[in-house]
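> Residue-level listing of the chains:
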Amino acid sequence: MKVLRMVLIFGVVLILQSTLVRLVAIEGVQPDLIILALFFIALLEGSYAATIAGFCVGLVQDIYAPDTLGLNALCNSLIGFALGFCQRGVFVEGLIPRSLILFAAVVLHDLLYFLIFLWPDVGSGLSRLLTVGIPTALYTAILGYLIFYFIQKKKQLQPLQEIQ
Amino acid sequence: MARLAFWTDRSRPYITLAVAVIISVILLTMGGSHKMIAARTITVTVLAPVQKGISWFNQLGELLAQNRRLRRLNTELALENQLLREAQLENVRLRQLLSFREREQLSAILLAEVIAREPDRQMNSILIGAGRDRGLRRNLPVVTSRGLVGKVVEVFPGSALVQLLMDRNCPVSAMIQRTRISGLLSYHGGTTFRLENVPWRMDVREGDEIISSGLGGLFPKGLRLGQVIEVSSHERSLFKKITVEPSVDFNSLEEVFVIVQSAEEPEEVEP
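Line order of the protein sequences matches chains G and C.
Number 164 marks the last residue of the first sequence (the numbering used here); no jumps.
Number 271 marks the last residue of the second sequence (the numbering used here); no jumps.
Only chain C is shown next, with the shape it has when bound in the complex (with noise of 0.2 Å):
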């Protein structure tokens, strides 16, 4: 008996690191579960309010200096706005004579503070100070004024879960903005993504602007998504490799803005 309390005591971190070991690659298989999907709202939900408090008074020291190039950024806004207001007129007018469909316009879009970044250096999600309260759903298009950020996947009571196009789960339909050539935009890994199932023979060039197509019905189309900065074509590949520099700079994200759309959810894209 005490020769097996002595092995016991002994084993005890190794059948711990066993079990831990063991549970751990359950979790990495299951995926998200409902069990899992209600954990992570507790512990989202408790945690939220003291990220948001830390993060409003991080934020006080920056906000002179986000004021004064806010102001800066709607003189320029409001002056590029008179502009895009008399292109919009000739597009309706261009529109109209070519009996072009019109495009479903958004019914809002929904500012929402960063309040927490995922805790290790992956940074594939955000938390956002906008949830449930504000009629965020699952799978709405997050963007910045420079393009597409990613989309909700947990909404919480006060805060929502962003996966971000930094993720490898998270591809969007892409177009070549110049030649309305379509492919999948992914990341795989380091700063930059690839535009995959873009054929050889197609005029791809460096320096072209990559936006979302809206073939995938989750993302509009038209957001900024990046800029091609390397092409190549291997002998033996059908398809271009074609790198791509986000447009969004993930690391420094403070506001985001939620697209509300106004058609119903819709389905999620598989990666």
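In isolation and in its complexed conformation, chain G is listed as follows (with noise of 0.2 Å):
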């Protein structure tokens, strides 16, 4: 049942990148919902599951790049991990700190992308690390504050609804 959720929510995140989310690019920067929805699984799941969802779902975003098979699995399953191990050895649970994460997660997966997809001109994958990897992970943290403060709200007003 759990597998059967995380490939829903995965396919629905992969259909919604690949075709809406650049209605909300600002600048051409879209936000990067696939590390978003990992980022959930790694603090719901743990790093073994969000290890695993990195990989698969980077492997699809494979598929679409015809030169460039595995490099998305392997920087998503390592993000996923490296998420996962935040979760569980970093008591997070403010709205800041876990945005920060994000931002961190965002900015990890883009330099190890664009250092891979582009070595081995490492300037010219630092210059888009700058340029489009950055301000990707801000709106991606920005995108992720809201949707934590929308989840803590919810949480917060629950208990008075089940009192009324």
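In case anyone wonders, no lab produced these hints; they're calculated from the structure.
Among the hints, a few may not be true.
Not the full set, but computed from the structure, chain G residues with beta-carbon under 10 Å of chain C [stated by the list, open to error]:
{"no.": "1", "residue": "L14"}
{"no.": "2", "residue": "S18"}
{"no.": "3", "residue": "L36"}
{"no.": "4", "residue": "I52"}
{"no.": "5", "residue": "V60"}
{"no.": "6", "residue": "D62"}
{"no.": "7", "residue": "L78"}
{"no.": "8", "residue": "F114"}
{"no.": "9", "residue": "F117"}
Note that beta-carbon positions come from the ideal geometry of N, C-alpha and C, so glycine has one too.
Given two chains presented individually in distinct reference frames, assemble the corresponding complex, making use of the accompanying hints.
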């Protein structure tokens, strides 16, 4: 059941990422829904599930890349593992620390991705990180912050509704 | 036994990560084997109808504005067409005079809408809503009215994967329209391209138009590629460093044309 739920979540996220996300792009910068979803999987299920989810979703992403089969799978499984490890090792409760971890996850993902993809042209890799990776990380972190905020609000409201 | 079970349970995430990394690295080095192409075909065929449906809803809102824009464009093109007909007749006369060989005519162009983009930020490929059912095959050039977009790399029953020029592995034999100097246009990251293999003595200026040279055998001659925005040459280098701004905006592709050639499928250009 858990696996089915994960497949469904990532199916929806992948389709949204490849079609509708460009509608909310700001100056060409789009949020990375896949890492956002990975963050939630890591938060709820831990690093084991997040690594597997990262690998599988990365593999599906790679299907669209003619020459870099395996690159997204590699980056996403490493990020899934790191996010799961973070949730376990560091007690992350606040909205801002969670958003910061999300920001760092996108930056790390893009650093790995661009360095491997553009290897040996390290300069271009770092330039892409600055022009694409960091704005994307910022956008994703802000979106994540809003989602965490709404989840927290909903959690706070639930007991009140039960009392009423 | 209990200790082993405890150890296995604790190490499970690490073992999973190691397996994932090893498989990913193997895939990265494997490239496009037949099994991988089959897996790609199945996944894209399953996902394409859903993506097509969402794209359709997505495009409804844009239809009115697009319709207005196309009407205006239609009028402009009709006028331009009249002028071009005159120019074509003149061209035929001049070619006959100079005994030039008639250039091979393109048998057809096929309109296809972009139904999905690569779901990461690299934008190396797009998925278009025309495939084997409409006679598409590998290596066909894909263009827009602004210029060359890329080539078809995989064909599925109702869709096709197009490798964009914004991919390091999709270089194009190009030439400078003004001086007819040849070079190789390729992507090196960022939003610009580089025209390589142009000797430092050659006359290249900012603003020069870059077109396809047709030398690779893959893309027809004369398709617009971009414009020179920076030229520099170093003392120690034999070649100029030429930066080119692409004529196509790869981030706003909605419809593309596939040039269906009558000639046999040409050999792929090695990067």
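> Can you verify the interface hint for F117(G): is its Cβ closer than 10 Å to any Cβ in chain C?
7 Å, holds
> Just to be careful: measuring from the Cβ of V60(G) to every Cβ in chain C, is the smallest value less than 10 Å?
Holds - the Cβ of V60(G) comes within 10 Å of chain C, reaching about 6 Å at its closest.
> Minimum Cβ distance from L78(G) to chain C below 10 Å?
Holds. Min distance 7 Å.
> Holds or violated: is there a CB of chain C closer than 10 Å to the CB of F114(G)?
Since the shortest Cβ distance to chain C is 8 Å, the answer is holds.
> Please check whether S18(G) passes as an interface residue: C-beta within 10 Å of a C-beta belonging to chain C.
4 Å, holds
> Would the hint on I52(G) be counted as holding, given a Cβ-Cβ threshold of 10 Å to chain C?
Cβ of I52(G) sits 6 Å from chain C, so the hint holds.
> For the hint on L14(G), does the least C-beta distance to chain C fall short of 10 Å?
6 Å, holds
> How about L36(G): closest beta carbon in chain C under 10 Å, or not?
This interface hint is violated because 13 Å lies over the 10 Å limit.
> Go through the hint on D62(G) and say holds or violated, using the shortest Cβ distance to chain C against 10 Å.
Result: holds, 7 Å to nearest chain C Cβ.
Hint 3 from the earlier list is the only one contradicted by this structure; the remaining hints agree with it.
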